[in-house]
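Undergrad: One letter stands for each residue in the lines below.
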Amino acid sequence: MFKHSFKNSLKVLLRNKALVFWTLLFPILLSIFFKLALGNIASGDKFEKIPISVEKTLLEDTFFLEFIEQMQDDGYFEVSKTNSDKLLVEGHVIAHVKEKNHIITKSSGIKQSIVENIINSYLQNESTVINILKNNPKVDIDKIIKVDEYVTDVSNPDMNLLNTFFYTLIGMQAMYGYLWGIEVMYLYEANLSTKAKRNAVAPTKKSISLFASLLVAWIINISIVLITIAFCKFALNVEFGDRLIYILILVALGALTGVVFGVFIAVSNKKDYEFKNGLGVTINMLLSFLAGMMVSDIKIIIQRNIPILNKINPIANITDAMYSLYYYKGLERYVSDVIWLMLVTGGLLVFVVIFTRGKKYDTI
Amino acid sequence: MTLFKNYFKIIKKHIFHILIYSVIFFAIIIGFTNSNKKDQTSYSSVNVNVYLKNHSDSKIAKALEKYINNNFNIKNIKDSDVDDELFYGLISSSVEIDKNFDQNNKVIFKNAPKSMYGMLVKNSINNYISKYKAYANSGFDHESAVKLLEKDLSSKAKVEISNKANKQDPNYLNFYFNFINYVLMAQIILVVSVVMVAYNKEVISKRNKISPVPSSSQSLQLTLGHIVIGIIFWATYMFVFVIKWPDASNLNSSKLMMVNSFVFTITIVTMAVLISKLVKSENSLSAVMNIVALGSSFLSGAFVSQELLSKTTLDISKILPSYYYIKNNNMIVQNPSFETMFPNLIILIAFATGFSLISIFLDRYKKS
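Respectively, the protein sequence lines represent chains P and G.
Using this note's numbering, read the first sequence as starting at 1 and increasing by one per residue.
Using this note's numbering, read the second sequence as starting at 1 and increasing by one per residue.
Simulated from the structure, these hints should not be mistaken for lab results.
Check before you lean on any hint, since a few could be wrong.
These stretches of chain P come out as covered by chain G in the derived footprint (C-beta under 8 Å, 3 or more residues) [unchecked claim]:
1) 27-36
2) 100-113
3) 127-140
4) 218-224
Lysine-lysine pairs mimicking DSBU-like chemistry, simulated, CA-CA at most 30 Å apart [stated by the list, open to error]:
5) 329(P) x 311(P)
6) 158(G) x 143(P)
7) 134(P) x 151(G)
For every residue, glycine included, the Cβ atom is placed at its ideal position computed from N, Cα and C.
Start from the sequences, fold in the hints, and give me the full structure.
TA: Put into structure tokens, the structure is as follows:
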């Protein structure tokens with residue numbers, strides 16, 4: 001009987017094209033949109049030579065000329081020598097150096113600040129050299145103005161913010177599994193649909209057939225999330241780290257949370273199907289927003305101010321767990337995310353049991 | 001005018017679904033504009049957010065700490081959050097001064113991914129330590145070295161914003177008008193399709209066919225409904241814009257963007273009518289609406305500026321009216337004159353004509 005219910009639920013659920021669209025195709029489409037729209041953003045902040053123009057007369061000073069040429073060779077500037085700020089006005093350069101201590105720009109920004117910083121360093125060197133020469137005229141000037149590397153750079157190379165958008169998308173998709181949960185409950189809760197009434201009076205053990213159907217919903221949801229992950233990894237080059245087994249555990253758990261969430265929505269109120277569906281979408285969108293799908297900083301701002309909100313948000317947990325597998329070497333954070341996800345799922349399950357157990361109808 | 005009146009009755013039934021887009025939009029607008037109060041008329045260096053921890057008690061370490069404190073925006077965050085904040089770019093770099101700094105001059109540095117801001121921090125630190133050492137090696141004691149250093153580092157170039165440059169329009173202008181691309185599309189397509197799906201139901205359409213109202217009048221009333229609803233949405237967003245930024249609404253560029261968005265609204269209405277002829281059921285309706293509205297907005301640069309999109313993405317988006325609408329907005333910011341936006345306006349009108357012709361053709365085809 002289990003086999004019978006399992007097989008038929010599988011058929012019934014997969015034949016529902018709207019569900020397949022919203023749970024599988026829609027997130028995949030969104031992922032393509034993300035890639036097309038945001039793919040270039042990560043490189044937007046990368047350093048490229050800054051085009052500047054310098055007044056020709058300034059370069060008659062050999063020290064300044066040497067300095068500017070050095071900056072060009074070091075890859076900071078792309079220098080044009082001019083007699084006016086024409087190149088700046090026309091938008092070909094970021095800044096025009098009019099005097100050694102006078103820069104003209106069109107706006108404020110990071111590139112302008114870098115130009116300012118570098119020109120300042122020349123002025124400051126001048127001042128240092130004068131001070132030291134006053135005290136010790138025999139000193140080697142090159143040694144004075146030489147800047148050594150004292151900074152030990154330990155930046156993590158595994159950093160691409162774009163990935164987190166996809167992690168949140170996958171979290172959202174797992175939670176979209178609520179649609180399967182609702183659908184299954186409409187097949188079994190007698191007060192919800194005609195089909196369920198028929199199922200309720202069928203000479204089968206309800207717990208077994210319900211369990212079989214929920215298992216189907218869960219398996220479908222897992223498969224769907226895995227398909228999307230594979231799509232993101234192989235077609236869109238999104239990195240997920242190489243700890244596959246942990247990703248599988250996370251996906252299985254997340255997919256379960258989604259289905260249970262759907263069951264919870266279905267049995268927790270007596271509104272119609274449309275309302276329940278709308279409720280699911282709204283909650284899902286809100287949770288995705290809080291997990292950083294639209295603005296990635298949101299998640300960190302919440303972490304800073306109301307950390308508990310991230311812990312009870314399943315989408316934030318899934319995002320964070322995927323992110324920690326990709327970014328951190330240790331597993332502590334992943335484990336903590338998984339435990340919170342289990343707690344949320346468990347909590348929902350408790351409510352589901354309270355709402356559904358021991359129902360008997362004389363008439364509906 | 002029964003059909004026309006009924007049009008709005010149908011909308012009333014779906015009002016929650018329709019309005020949710022406006023609510024989200026307004027929330028985003030308020031959130032965005034409150035965090036962007038930059039004055040572009042005078043120059044200011046960028047504010048670099050840095051996490052700083054000094055493990056050393058030495059005098060030189062304290063001097064360096066003071067220097068970093070004075071020049072960058074130090075963020076007080078928990079040690080455990082530093083890596084996250086770096087990853088998400090909320091701080092640009094993390095700086096830790098080594099415990100034995102007075103001997104090894106070591107500074108541990110972490111940069112946010114591909115950030116130029118971190119470079120500023122790194123350069124400043126190297127510069128500071130190098131200069132200090134130059135003084136120390138030339139026989140200056142700590143106090144006088146730090147004092148002279150402070151004086152050296154205070155000599156700064158004057159930076160000015162060129163008065164020849166075009167005065168920049170506030171950036172929310174462009175943001176607002178680019179963003180309404182999404183809400184206008186989502187809402188107009190939603191409304192038009194909801195109404196048309198209702199009228200296209202077999203029972204209803206058969207009943208309408210045998211009614212005494214001629215079919216030309218019926219389609220005229222429906223078309224009127226579509227246009228009125230388009231204008232209502234457009235007018236609402238223009239109204240909100242004027243209320244939110246009364247000063248900006250007098251700018252030449254705002255007026256041009258309003259004209260641009262009006263023509264775009266008409267194009268969207270014709271597009272929505274065409275979509276409603278192709279979509280049969282209410283189920284597939286929201287799917288199509290979402291794909292068209294989100295797809296157009298992502299690909300044409302409504303959410304992310306067109307400058308940041310790849311060439312392939314922009315090439316794909318050239319088949320969408322949104323591309324020309326948004327391109328026009330961006331061009332208006334650069335050069336606010338009617339001539340600037342005229343070519344793209346013509347393209348939008350061509351799209352509208354094309355969509356209408358296909359719709360008429362589909363109607364004829366169905367009848368025959």
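Undergrad: Which numbered conditions among the earlier hints are violated in the structure presented, ordered from lowest to highest?
TA: 4
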